[in-house]
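Position chains B, C and D against the provided structure of chain A, taking the given hints into account.
These protein sequence lines are chains A, B, C and D, in that order. Residue 79 in the numbering used here is what sits at position 79 of the first sequence, and the numbering runs on without skipping anything. Residue 1286 in the numbering used here is what sits at position 286 of the second sequence, and the numbering runs on without skipping anything. Residue 2131 in the numbering used here is what sits at position 131 of the third sequence, and the numbering runs on without skipping anything. Residue 3277 in the numbering used here is what sits at position 277 of the fourth sequence, and the numbering runs on without skipping anything.
To be clear, the hints were calculated from the coordinates, so they are not data collected in a lab. Keep in mind that a hint or two might mislead.
Claimed, not checked - Result set (DSSO-like, lysine-lysine): computed pairs, CA atoms no more than 27 Å apart in a straight line: (1) B/K1221 to A/K128; (2) B/K1221 to C/K2221; (3) C/K2246 to A/K128; (4) D/K3110 to A/K221; (5) C/K2128 to D/K3221; (6) D/K3128 to A/K221.
Please read all numbers here as calculations on a predicted model, not as lab measurements.
There are 4 protein chains.
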Amino acid sequence: MKLGVIGCGYWGPNLVRSAVETNRCSQIFCCDPSPAALARVLRRFPCVSPVEHLDDIIHRCDALVVATPVSTHYDIAKRILERGKAVLVEKPLAISSLQARELAELAGDKDLTLMVGHTFVYSPAVRKVKEYIRDGILGDIYFLSSSRVNLGIHQKDIDVLWDLAPHDLSILLYWLEENPSCVSAIGRSCVGSLPDIASVHYRFPSGILANLEVSWLAPSKLRRTVLVGSRSMLIYDDTNLAEKVKLYDKGVDLRTPESFGEYQLTYRTGEIVSPNLSATEPLLIEINHFLDCVESGAQPETDGQTGLNVVLALEAASNSMRSNGQVMTIDYCAVPAPMPAAELAQAPPEFVPPTLP
Amino acid sequence: MKLGVIGCGYWGPNLVRSAVETNRCSQIFCCDPSPAALARVLRRFPCVSPVEHLDDIIHRCDALVVATPVSTHYDIAKRILERGKAVLVEKPLAISSLQARELAELAGDKDLTLMVGHTFVYSPAVRKVKEYIRDGILGDIYFLSSSRVNLGIHQKDIDVLWDLAPHDLSILLYWLEENPSCVSAIGRSCVGSLPDIASVHYRFPSGILANLEVSWLAPSKLRRTVLVGSRSMLIYDDTNLAEKVKLYDKGVDLRTPESFGEYQLTYRTGEIVSPNLSATEPLLIEINHFLDCVESGAQPETDGQTGLNVVLALEAASNSMRSNGQVMTIDYCAVPAPMPAAELAQAPPEFVPPTLP
Amino acid sequence: MKLGVIGCGYWGPNLVRSAVETNRCSQIFCCDPSPAALARVLRRFPCVSPVEHLDDIIHRCDALVVATPVSTHYDIAKRILERGKAVLVEKPLAISSLQARELAELAGDKDLTLMVGHTFVYSPAVRKVKEYIRDGILGDIYFLSSSRVNLGIHQKDIDVLWDLAPHDLSILLYWLEENPSCVSAIGRSCVGSLPDIASVHYRFPSGILANLEVSWLAPSKLRRTVLVGSRSMLIYDDTNLAEKVKLYDKGVDLRTPESFGEYQLTYRTGEIVSPNLSATEPLLIEINHFLDCVESGAQPETDGQTGLNVVLALEAASNSMRSNGQVMTIDYCAVPAPMPAAELAQAPPEFVPPTLP
Amino acid sequence: MKLGVIGCGYWGPNLVRSAVETNRCSQIFCCDPSPAALARVLRRFPCVSPVEHLDDIIHRCDALVVATPVSTHYDIAKRILERGKAVLVEKPLAISSLQARELAELAGDKDLTLMVGHTFVYSPAVRKVKEYIRDGILGDIYFLSSSRVNLGIHQKDIDVLWDLAPHDLSILLYWLEENPSCVSAIGRSCVGSLPDIASVHYRFPSGILANLEVSWLAPSKLRRTVLVGSRSMLIYDDTNLAEKVKLYDKGVDLRTPESFGEYQLTYRTGEIVSPNLSATEPLLIEINHFLDCVESGAQPETDGQTGLNVVLALEAASNSMRSNGQVMTIDYCAVPAPMPAAELAQAPPEFVPPTLP
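In isolation and in its complexed conformation, chain A is listed as follows:
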């Protein structure tokens, strides 16, 4: 298979490296408007072939990976799908649900592989938690609380919500197998013009609540999600290399009163187990899954619909944040209005998609 990687900025080289490691691509092509970025990749991976024009790389490849600024995802992915090629788009899929839905529908109509790079869904830790949930180890999930914060790079074309929350949302949707029904969010632009801290409350149809805290301004790095279930509790801490997942046999049991009288609560504290996790790199698993899907025609785990659901949840959170925290209902059927032009205009047109003829 011939694979093309479009965009060689911060993340692109990792995709190239993983693609090389799969040993499954007969040739790897690469494209970026910045000659310096392109040269950097070629120095590290001399086996990769540079291509100047977007249409050219699409033409030469069977499948393409899009790692360009988020605001360009739609245009580039659409062009790829229109030429009948498979595409893996970095997260988030697009900057509006209108765009995301169009891409998902286009891929469906043309029966093409459209996958979104929600890498965490492919990480051994996240999959182990899914296993626990599926096996009923946690019981009914009551509540999730997640912090994804550190002193991090301020993105230029998206705010902290669109930068970091896609990780948490893709994980939540994978674990819970349902989409949030409403959201309220607050945020603030402390430095610069885009929100760099945000806190979001999601409510799911089953009653589950989820808190997401995302920030580019935090004294220490946190990548920590707490799950509270009726049978046990769990901490998934991605910065704790030795114990990423810890399962707590802890909880409160409600004892039916024997005769009249009050329900009795019993507190239970049992052992803590930290499972052993495979050390395979999630990105490598993701790329292999993409290649598998392209070859077999199977639906990717994080397909266009997943990507759209994440964007819908982000969009609603953004709307709530813009209205100072008002609760927003998320409608998964209605066609939403496009983002306000003023907002879009804020995104500096930094990345000139290479030579769209």
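Chains B, C and D only, in chain A's frame:
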């Protein structure tokens, strides 16, 4: 001075112990409707004198401490003030702002000491942070985020918000010297009938945002507040005995562009300092402060107005939680409507205030 | 049963408190040459009766607890045994094996309960580890390494080795059920005249090695023992309240070569389990065990022989330390020479055993 | 400058990468008897030129880096120096002080650069601690204690002492500017035939004691050194990425008695400071320093004499370990006897130095 402690349940004995340690009370009296609770205190503190009737203990003492269930605070504190005695009421001051305001006004009218037991305000860690803020070490505060969670005892007459958030609110109000202007909150009754997890967003007039997470259902104990300011950042972690406060010389500087062009962001990471803190017990400082105020007539740091402000912030959060997260404006002047009778009725009348004739 | 506690300094009041909590003593007596120390105890525990003379308290009680400075243990315990009473002596049993052996033999001859206060042997964490070892979970033990350090109080009549290492030694002897056969130790008197840091290597007949590091001069508190076995590994960290014991399914397996050639090593990393532990206070379990043994005549788990074995191991380590680390063989049969008089003289005769007529 | 890297096993590729990153080598050559290892390097670094014969790579280069198994260091480094070329030898410099001394003398006689790859000496954390010591922040050093343990790869030609302790020894010698005068060590071969755990006590002429614990068999990774000085204390923890160095303003002060009587001890606990450290990779600094020294003729910080001193300290520890912990004096002048042939024979001749004609 003669001191009376009303209520000898979970917290009362700690107040008795601290009162004994001050060595400033000529006599300490004690009152509780449960003979067993009373006996437990007398066994540990044989110097304490038991009193049967509420009016009796008020009559015999110069100053009283109220450590009874929250729903009884108003009735008992009002009676004490009406008899012209000083009173320290455990937090929160009352179960409605209507009640809290009446108590604060009554104390003001009669020129009596009314203090609320917001113990954390007297802790060396919280005071050190206040010092940093006052000295401009943190610069402008952008954001606070606090987690106060563990597998904790489900209270019977108040939910998790009224149980745990008073701590965070009293700390915030002390640090920031302003009251939140609006709030949105979500919560859930996972076990039992009262909410046992909640997450609250407060917005302050100066633009500061604050996140509070409180829970009786969490796998591991957290007592952690993060402050992000324009000059530095700080973590106050009450469970980290060796380093409760950590000051991070970290931040983002915005450099004005020299000519035309974009603002430049520079990331700064300097040293981390953990100050040495006095080991004096906050409760002892609190009780001494109460005795000082009673003697001198000075206004307590956590006076009736502070207690009222905390209750107003709690009440608004409760209202938001009940309306599924709708943003509530907090009005510090208007007289709020009393809590719905249905809600009040939920609070089981567990504690029969001792013999109100 | 009538119980007497001799010595009301730092540790004595804890013994009184635990004795009170057992609810098994008809009367508790107390004795100390310092009127202030005695008064402090009486204030906290008004039910306790003070006694002035040592012979008097021995006379009045059925069983006695000795919590006086180590250098006085021998004289006081001997007198108690000679009067035919049971005795619990704080650790270490005596300042020489000569003394310790005499006490153990005296108790044996007179068929009296002699127990040594090696409290850690009664702690749920230490007992859980014992269970793992007994059940073969750890396989063959290869190695133990222990750190017991912090900025701690410099004792006046014993050095850091005699102050802290008895804890580790009693734990090791309990777990391994064998006594070390030789030792080398180094130490230094950094502040003051007695060694305040020491590091000790013990070798056991089965081949097990154990490292003990003890220090009164360390920046942060450590109470951490690592066990490495052929089947799994374990960390016992007494400062980690939530996870005192962690069992690691980790190890190296040696695969026999199929034909000629080298042995193959396989590295195994499985799950980590932290068992739930009873929260019962070890000291309470210890006192109850003492009372049980006095009543039933059963041999205490930490009897005179255990106390003697610990003292033999300490004495040999001291000898090695004094000779700059030379390896010392520990002879459990031979009668050792008494400690050099010069050394004994260093121990300030701070504690005047109350009125030995 | 033309640089040659000899040995492309585990560590060699890192040296190649760093050499590439310096951008100071006109050409980089590479040599390894294993075609597979060589191919791996060439795939990652296509700019590197492979060379088949040892003499050939020496001939073509101005300076060489030796990253072959320890048992071959002496032969290869000697040949390089004899051909008049500069050499950086991985640590430890050789498997005996006899060999190490000969290399150091040969480099001195021929006025050639001989540097040993004691990388930690070039790490920002270790250099910051050196700064503190030099500036008197720690006062007089009393004691050091180091743990370098994890479930690690069992080397085939050296035991755990020779594998891990060179790191600690090079750091100690750099910090203290003195060499240990005697040593006692214990160890055990738990799995396989070479010791895989060891604990070593070093004593320095100034009275400083140092404990080193090294192990390939430990449940969790530790890279932790504690320094205790008369003015403050310090923890250097290489696994704590956010706070590698922590300086504790803690200690005990000895107050001279005013009149007669005992010295008084005062315990001091002040703030904890974690300095900001440069993120530059130590290996890159090391390689740059080597190139600097080759160009300028300056003496490397970790020169042949340093390498010899480390080997002398290792050799004495090995001797002590072999004699079950007997204290060994380290003689820095006498020519030591060569290692027993039996011992040397244990080292499997795995690495065939490439084509020594």
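So, going through the hints one by one against the coordinates:
1. Pair hint B/K1221 plus A/K128 holds up; C-alpha atoms about 24 Å apart against a cutoff of 27 Å.
2. Simply put, B/K1221 and C/K2221 have alpha-carbon atoms about 21 Å apart, close enough for the 27 Å limit, and the pair holds.
3. A hinted pair counts as satisfied when its Cα atoms are at most 27 Å apart, and C/K2246 with A/K128 qualifies at roughly 21 Å.
4. With a C-alpha separation of about 52 Å, the suggested pairing of D/K3110 with A/K221 is violated against the 27 Å cut-off.
5. Distance check on the hinted pair: C/K2128 and D/K3221 sit about 24 Å apart at the alpha-carbon level, within 27 Å; holds.
6. About 24 Å separates the Cα atoms of D/K3128 and A/K221, which keeps this hinted pair within 27 Å; it holds.
Checked against the numbered hints above, the structure breaks only hint 4 and satisfies the rest.
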